[in-house]
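Chains as they are written, first to last, in the working numbering: chain A, 722 to 816; chain B, 2 to 513.
Everything labelled a hint here was simulated from the structure, so no lab data went into it. All values reported here derive from a predicted model rather than from experimental measurement. Some clues are possibly wrong.
Unchecked claim - Straight-line alpha carbon distances no greater than 25 Å define the calculated SDA-like cross-link-like pairs of lysine to any residue that follow:
(1) 739(A) <-> 346(B)
(2) 783(A) <-> 245(B)
(3) 739(A) <-> 750(A)
Take a look at the letters that make up each chain.
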Amino acid sequence: MRVDETTVRRIARLARIKISDAEAKGLEGELSGILNWVEQLDAVDTASVEPMTRVVPIELTKRADVVNDGEIADEVIKNAPMVEDHYFVVPKVVE
Amino acid sequence: MSELTKLTLAEARDKLRSKEVSATELTQAFIDAIDASNAEINAYVLTTPELALQQAKESDKRLQSGSTRPLEGLPLGNKDLYCTEGVRTTACSKILGDFTPTYESTVGANLWNAGAVMLGKLNCDEFAMGSSNETSAFGPVVSPWRRKKDGKLTTDKLVPGGSSGGSSAAVSADLCLAATATDTGGSIRQPAALTGTVGIKPTYGRCSRWGIVAFASSLDQAGPIAKTVRDAAIMLRAMASHDKKDSTSVDTPVPDYEASLTQGLKGLRVGVPKEYRVEGMSKEIDKLWQEGIAWLKAAGATIHDISLPHTKYALPAYYIVAPAEASSNLARYDGVRYGLRVPGKDLIDTYENTRASGFGKEVRRRILIGTYVLSAGYYDAYYLKAQKVRTLIKRDFDDAWKSVDVVLTPTTPSPAFGFGEKTGDPIAMYLEDIFTVTVNMAGLPGISVPAGLSSEGTPLGLQLIGKPFDEATLFRAAQAIEDAAGRFVVPDRWWEGAGKPEAKRKTGSKSK
């Protein structure tokens with residue numbers, strides 16, 4: 722699979738990572754190289770194979786549906802780069 | 002330099018219990034060693050001497066009063082992927098900034114509750130993505146091992162492997178008794194192999210992943226790097242537990258691994274998979290493998306040729322699954338709730354700026370690959386295909402377990418390499434994991450044990466792969482290899498006392 726510059730830019734946008742023009746050029750080659758290399762998987766017949774969802778066959782445990790946490794707003798915001806009272810502050814989203 | 006730091010974990014445990022040394026003396030010896038050497042090795046990105054001495058003081062009290070816990074007073078290093086309450090945790094990435102968790106990882110809490118002493122946080126590849134520790138935001142770790150050329154030691158800087166390179170270097174340079182590590186595709190076993198240390202990745206679900214920075218959640222497992230097989234057995238018993246906070250942790254008893262070490266190998270069936278004899282494998286690796294087979298045979302095991310036909314597809318499938326899961330896990334680093342924020346003209350611009358400057362090159366590359374393979378129209382062709390191949394890889398092992406108890410392979414295709422030798426070509430670096438990655442894909446336990454030296458005088462390791470939750474048998478077989486091969490300690494302790502620590506501290510390094 723050949724990844725072109727437009728695709729690189731689309732993927733970077735989806736991943737929310739800003740890339741420069743020079744980086745986009747470099748990534749074209751790098752991503753294409755990796756994707757070409759993984760394409761050797763096409764040689765494996767997986768028509769009747771189930772995809773793996775978990776390596777250890779255990780039942781997912783469920784906990785009781787009760788509140789078991791909370792009242793730790795100070796801890797939650799402790800590492801935030803910008804806060805006001807108990808809120809995270811971000812650039813204005815809605816005009 | 003104090004001889005105390007050269008002790009194994011088991012030896013130190015005996016000396017503490019017989020009151021030959023105190024936990025405070027032992028801890029101080031390590032603090033001094035780290036002060037004198039860390040600028041050379043760069044294994045620690047943060048040291049916590051006050052905390053360590055405080056823990057040691059408590060241990061001394063307990064050693065006196067007889068309420069001794071399993072790891073009482075034993076100083077350890079903690080990989081910076083493990084969240085530590087009140088102590089900066091960065092995953093060696095700029096994007097986490099000065100993130101200081103308000104909680105402790107379950108595995109860490111298990112260790113400290115068992116009486117262990119934390120010396121500090123260990124360097125690693127950024128978000129554990131790398132095989133050489135060269136992607137860390139704190140700079141690379143220097144292996145204490147040096148290679149020989151024409152019979153003479155060179156001063157070339159060698160990598161200690163990765164991603165747990167701080168762990169492997171600290172253990173082999175005697176800057177801790179043992180260390181925590183994590184393994185997503187080989188990140189415990191490969192650095193252990195390159196530094197002459199023992200590293201075990203337990204079965205997926207054996208250790209809780211809670212409080213450990215996530216890379217690829219279906220593959221990540223915690224485990225120890227230690228000086229000997231016995232030390233690794235002691236460490237894993239303390240680290241492992243069922244944890245309600247990790248729904249993938251398994252509720253099964255944790256055996257006394259140390260007790261299994263003396264049980265011998267009589268009747269053990271060892272499988273040797275032909276698919277691991279890869280093209281271009283060096284003669285010395287093949288010779289080491291044959292020696293390992295002979296040692297296990299001599300110890301009473303029987304050897305069986307087996308086939309794991311999908312082996313060669315494990316690495317490409319891994320480089321779909323791991324980046325895909327990483328791209329999801331790392332979406333949380335958005336500059337809003339914690340860590341770095343680089344402001345932009347609006348919210349999306351802020352996200353994009355933050356992630357562009359906070360993530361290093363390899364991490365960005367993997368997020369982009371992961372985003373691509375999960376994007377609309379490509380999910381089935383890549384991610385679903387890789388998960389199907391994963392089923393086949395696991396099936397290969399399920400078939401093998403009908404006729405063998407463990408599988409023996411080399412850990413790495415080659416010995417330690419120099420700084421920068423593999424950084425130019427991502428796939429060349431990815432190939433470091435060719436022998437280890439199948440184990441993660443199948444969720445199995447795997448241990449790397451030092452088995453010999455390369456022609457350059459640097460360590461080489463053998464890997465044993467076991468049935469799910471049968472780590473005890475791996476320790477038993479690894480002990481037989483260690484008994485035959487001996488331990489491999491660094492012959493030239495060049496990193497010790499090369500000057501005053503103040504003068505050697507590199508600028509730009511954030512280590513204390």
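Between residue 739(A) and residue 346(B), is the straight-line Cα distance small enough, at 25 Å or below? Distance ~13 Å between residue 739(A) and residue 346(B) Cα, so the pair holds.
Assess, step by step, whether the Cα of residue 739(A) is no farther than 25 Å from the Cα of residue 750(A), and give holds or violated.
-> 18 Å, holds
**Request:** Sort out whether residue 245(B) lies within 25 Å of residue 783(A), counting only the CA atoms.
**Result:** Cα-Cα ~9 Å, so holds.
When held up to the earlier numbered hints, the structure conflicts with none and fits them all.
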